[in-house]
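For reference, the chains in residue letters:
2 protein chains.
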Amino acid sequence: MDYVTILGLAAGTLTTVAFLPQVTKAWRTKSTKDISLVMFIMFCIGIFLWLIYGIFLKSLPIILANAITLILALTILILKIKFR
Amino acid sequence: MDYVTILGLAAGTLTTVAFLPQVTKAWRTKSTKDISLVMFIMFCIGIFLWLIYGIFLKSLPIILANAITLILALTILILKIKFR
Numbered sequence: 000m001d002y003v004t005i006l007g008l009a010a011g012t013l014t015t016v017a018f019l020p021q022v023t024k025a026w027r028t029k030s031t032k033d034i035s036l037v038m039f040i041m042f043c044i045g046i047f048l049w050l051i052y053g054i055f056l057k058s059l060p061i062i063l064a065n066a067i068t069l070i071l072a073l074t075i076l077i078l079k080i081k082f083r
Numbered sequence: 000m001d002y003v004t005i006l007g008l009a010a011g012t013l014t015t016v017a018f019l020p021q022v023t024k025a026w027r028t029k030s031t032k033d034i035s036l037v038m039f040i041m042f043c044i045g046i047f048l049w050l051i052y053g054i055f056l057k058s059l060p061i062i063l064a065n066a067i068t069l070i071l072a073l074t075i076l077i078l079k080i081k082f083r
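Protein chains in written order, with numbering that gives the first Met the number 0: chain E, 0 to 83; chain X, 0 to 83.
None of these hints come from the bench; they were simulated from the model. Some hints here could point you the wrong way.
[Unchecked claim] Computed cross-link-like contacts, SDA-like style, restricted to lysine to any residue with a CA-CA straight-line distance of at most 25 Å:
{"id": "1", "chain 1": "E", "residue 1": "81", "chain 2": "E", "residue 2": "22"}
{"id": "2", "chain 1": "X", "residue 1": "81", "chain 2": "E", "residue 2": "36"}
{"id": "3", "chain 1": "E", "residue 1": "81", "chain 2": "X", "residue 2": "70"}
{"id": "4", "chain 1": "E", "residue 1": "32", "chain 2": "X", "residue 2": "57"}
{"id": "5", "chain 1": "X", "residue 1": "79", "chain 2": "E", "residue 2": "59"}
{"id": "6", "chain 1": "X", "residue 1": "57", "chain 2": "X", "residue 2": "73"}
{"id": "7", "chain 1": "E", "residue 1": "29", "chain 2": "X", "residue 2": "79"}
{"id": "8", "chain 1": "E", "residue 1": "79", "chain 2": "E", "residue 2": "40"}
{"id": "9", "chain 1": "X", "residue 1": "29", "chain 2": "E", "residue 2": "47"}
{"id": "10", "chain 1": "X", "residue 1": "79", "chain 2": "E", "residue 2": "2"}
{"id": "11", "chain 1": "X", "residue 1": "32", "chain 2": "X", "residue 2": "81"}
{"id": "12", "chain 1": "X", "residue 1": "32", "chain 2": "E", "residue 2": "2"}
{"id": "13", "chain 1": "E", "residue 1": "79", "chain 2": "X", "residue 2": "80"}
{"id": "14", "chain 1": "X", "residue 1": "29", "chain 2": "X", "residue 2": "40"}
{"id": "15", "chain 1": "E", "residue 1": "81", "chain 2": "E", "residue 2": "55"}
{"id": "16", "chain 1": "X", "residue 1": "57", "chain 2": "E", "residue 2": "22"}
[What the hints assert, rightly or not] So these bits of chain E aren't anywhere near chain X, every CB distance computed over 10 Å:
{"id": "17", "residue": "6"}
{"id": "18", "residue": "41"}
{"id": "19", "residue": "58"}
{"id": "20", "residue": "73"}
[Said to hold, decoys possible] Facing chain E, a subset of chain X residues (Cβ under 7 Å, in silico):
{"id": "21", "residue": "4"}
{"id": "22", "residue": "8"}
{"id": "23", "residue": "26"}
{"id": "24", "residue": "31"}
{"id": "25", "residue": "35"}
{"id": "26", "residue": "59"}
{"id": "27", "residue": "66"}
Please read these numbers as outputs of a predicted model, since none were measured by experiment. Note that the Cβ used here is the ideal one computed from N, Cα and C, for glycine as well.
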């Protein structure tokens with residue numbers, strides 16, 4: 000694996016794992032009023048498009064990172080709608 | 000411009016502009032308690048690495064999207080620290 004791919008995987012790991020503390024915080028506090036609903040709707044659609052882009056580019060970091068980020072961002076979106 | 004680049008720019012526009020409603024919400028309500036501090040610290044570092052990755056890949060969508068996202072995510076991080 001070349002250095003650029005490792006850099007991409009590090010970037011993808013950080014921007015993906017970053018959503019985990021937000022998921023646990025929202026789940027734990029049952030409070031999501033300060034989180035923007037519009038942000039997470041737009042973000043989920045955008046991440047889905049990045050996923051397709053990564054498939055076209057055959058970029059492993061982009062595909063992996065966005066597949067997992069999509070699951071986590073959708074979870075936050077669901078918690079936002081559930082707890083408001 | 001080819002279709003894949005247009006797809007990437009659409010993806011980048013969405014995941015970038017998505018942070019704008021969160022910035023305005025935090026600014027307007029002066030409340031950021033439900034936003035995860037750890038998320039935005041990790042996210043800003045990750046986005047910075049994506050920016051470098053985009054430069055290596057010479058990918059215009061990745062460079063543009065992450066440069067602007069970094070500014071917006073840093074703004075949310077500052078508002079989070081300011082308003083807690």
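Taking the hints in turn, this is what the structure says about them:
1. 81/E - 22/E: At roughly 13 Å apart (the allowed maximum being 25 Å), residue 22/E and residue 81/E satisfy the hint.
2. 81/X - 36/E: holds, 22 Å
3. 81/E - 70/X: violated, 30 Å
4. 32/E - 57/X: violated, 39 Å
5. 79/X - 59/E: Between residue 79/X and residue 59/E the Cα gap is close to 33 Å, so the pair fails against 25 Å, i.e. violated.
6. 57/X - 73/X: Status holds; Cα separation ~24 Å.
7. 29/E - 79/X: holds, 19 Å
8. 79/E - 40/E: holds, 10 Å
9. 29/X - 47/E: Since the Cα atoms of residue 29/X and residue 47/E sit roughly 31 Å apart, the hinted pair is violated (cutoff 25 Å).
10. 79/X - 2/E: Cα-Cα ~34 Å, so violated.
11. 32/X - 81/X: At roughly 11 Å apart (the allowed maximum being 25 Å), residue 81/X and residue 32/X satisfy the hint.
12. 32/X - 2/E: violated, 38 Å
13. 79/E - 80/X: holds, 22 Å
14. 29/X - 40/X: The given pair, whose Cα atoms are some 19 Å apart, holds under the 25 Å limit.
15. 81/E - 55/E: Distance of about 35 Å is beyond 25 Å: violated.
16. 57/X - 22/E: violated, 33 Å
17. 6: violated, 5 Å
18. 41: violated, 4 Å
19. 58: violated, 8 Å
20. 73: holds, 14 Å
21. 4: Result: violated, 9 Å to nearest chain E Cβ.
22. 8: Violated: closest Cβ of chain E sits about 9 Å from residue 8/X, beyond 7 Å.
23. 26: violated, 11 Å
24. 31: With a closest approach of 5 Å, the residue 31/X hint holds.
25. 35: Constraint on residue 35/X satisfied, holds at 4 Å.
26. 59: The hint is violated - residue 59/X has no Cβ within 7 Å of chain E, the shortest such distance being about 12 Å.
27. 66: Violated: closest Cβ of chain E sits about 14 Å from residue 66/X, beyond 7 Å.
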